[in-house]
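Residue numbers (our numbering), protein chains in the order written: chain B, 1 to 122; chain L, 1 to 480.
It should be emphasised that the hints constitute simulated quantities derived from the structure, not laboratory data.
Mimicking EDC-like on lysine to aspartate or glutamate, the simulated pairs with C-alpha atoms at most 16 Å apart in a straight line are:
| hint | chain 1 | residue 1 | chain 2 | residue 2 |
| --- | --- | --- | --- | --- |
| 1 | L | K334 | B | D120 |
| 2 | B | K47 | L | E295 |
| 3 | L | K294 | B | E49 |
| 4 | B | K42 | L | E295 |
For each label pair, taking beta carbons as the anchor points, the in silico distance ranges come out as:
| hint | chain 1 | residue 1 | chain 2 | residue 2 | range |
| --- | --- | --- | --- | --- | --- |
| 5 | B | E64 | L | G272 | 22 to 32 Å |
| 6 | B | D39 | L | K334 | 44 to 54 Å |
| 7 | L | W39 | B | K28 | 51 to 61 Å |
| 8 | L | G272 | B | E31 | 14 to 24 Å |
Even for Gly, the Cβ is constructed at its ideal location relative to N, Cα and C.
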Amino acid sequence: MRLLTHNMLSSNIKGVINGFPLRIEVEKVVEKPVDFNPDFLKNMFSKIEWKPLVDASRTMGYAELPEEADASMLDSHDFLQRFHHALLELHLEEGALICPETNRRFPVNKGIPNMLLHEDEV
Amino acid sequence: MWYLCVFYHRLLDYRKTEVESLAELFGENGDHKGKKLEWKLPLHHHPDSPFHFVDLSSDDIARSIANRSILVKGMYELWGQGSDYEELEESIRNFPEERKFPYLQPGSSFKISVESFGKAISFQEQNERIQGLAYIPFKGQVNLKSPDHKFCLLETADYGLNNGLPPIAQRRIFFGREVGGADRKLIPTYQLKSRTYLGPTAMDAEMAFLMANQALATSGKLVFDPFVGTGSILVGAAHFGAMTMGADIDIRVVRDGRGPDCNVWSNFKQYGLPPPIALLRADNNLPPWRPGLKEIFDAIICDPPYGVRAGGRKSGGRKLLKGIVAPYTVPDDKRTDHIPSTASYSLVECVHDLLDLAAKMLVMGGRLVFFYPMLREEDCVFNQFPEHPCFTLISSSEQILSSRYSRVLLTMVKRSSYTEEIAEAARLKHEEFRENHLKWLEDGNLHSAVFSPSVNRQLGVAGNGNVSKDPKPKYRGKYV
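Could you build all of it, start to finish, from the sequences and the hints given here?
Structure, rendered in structure tokens:
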């Protein structure tokens, strides 16, 4: 699971109001290279919640993202590289996503988050 | 400018829509996006003929379309046409010199090929026909391997039935300069039989590419498949450079596959494609996207489970334990490794969720491309396509799967943004749609319509001897 995915997901258990961002429980992080595509990053930037991305990348052991970011920074190649690395190359191979409200654990195995709810959660 | 567009004689319903989509992708019509291309048919030709004329603004666009297309055999600048070789000669002689001149220069190389539709032309006849073009003042060198300019002489037969098409009243001969041609080598490269990880409903490569073309998949775009399965549809989009993302409710399919080198990831690795940037297990009925997230996907491409070969599942199955009547609750000590049961998910509900998801998550102008089943028996009044107020249907292409049913590839464009009012309007529209379709699309009905013995047909034969007319000609779809 890349942090782009983490930035898109929330806990959708019935009754949960603040299901985002999910806390990350790290067991194993791997780096998987992805082709650098500035257009894609620029497209994604406006859709990303920045703070959760910064926090998530710290949890995964990468602390090179600035606390605050705005669209003017997209002109900087250095910024784009960091953004690219955090968003697409850090990969949670084993671990879990934890619902911030109920502490329900959504396991991540072989890089695939299992977001399916139990019968009594829908 | 008019170009002669020659198609492969396959998937007849998909051909023009593919060219129209690619024209938009490559910027034809500039700001007038969505303006339909203009088409013309050659004299006496049937709409299902492989020969069409299409109006495009430049050679570059025609070339880009032809090179990326799956169903265009070639795009040609027409130099002449006629019903016999005398007419052809006159027509070529009348084609403006200044248009011919740049391609006949000394120092350039060229090649002429001869193609025919509906008959085979022997090698000797081909040579004779090429010799017959001596009145064109070619000054360059012949080069069969990598010529600068390619020319093509195309002929249609003038006898009887023509690959099942209605008879051609008069034969037609075309001569033109090739502007671009399709890369059909893609299809053998990606064909399913060479793919390591397959499921029972894996999408064949040709169709996956067509879907990616309908979705305008290209570099820098994000394409999502909510029923990803073995990833067969995303392979097409990834080939054209799009970033891909997929979800499926069956975790065994997306996570485990059939082993370490036989899973969704390996299907991309096999072709040297970048793997999906995300695969997850999620339910299309209760998608886990965060509430504020919208307009993130450029396209959604999928083949929803319609209950013929695979049925849909959603979360929230109710396990009925002995003696318990109340809704099932998972005991606390069993939560960690609990495997939730799933409930069946009808096509109506599935399509509703898909449209709702697409309305929220697609960017403006983004495309939703998906298959929808259709019954072919009688004048089925239930064959109406799902609608949504955010979307405009821009094409529907039928592929016949059996005498009973076919599937239609629907391409919709998002034209208005998602609001509460629209969601409500969509709900009402869906209710109406659901009423109309309940009979056919509720659990099992489509399945039984496809698999049950045909009563109607036998009655037709035994009764008044009037076998129900096949609404679609036989040569379409997979019979081609």
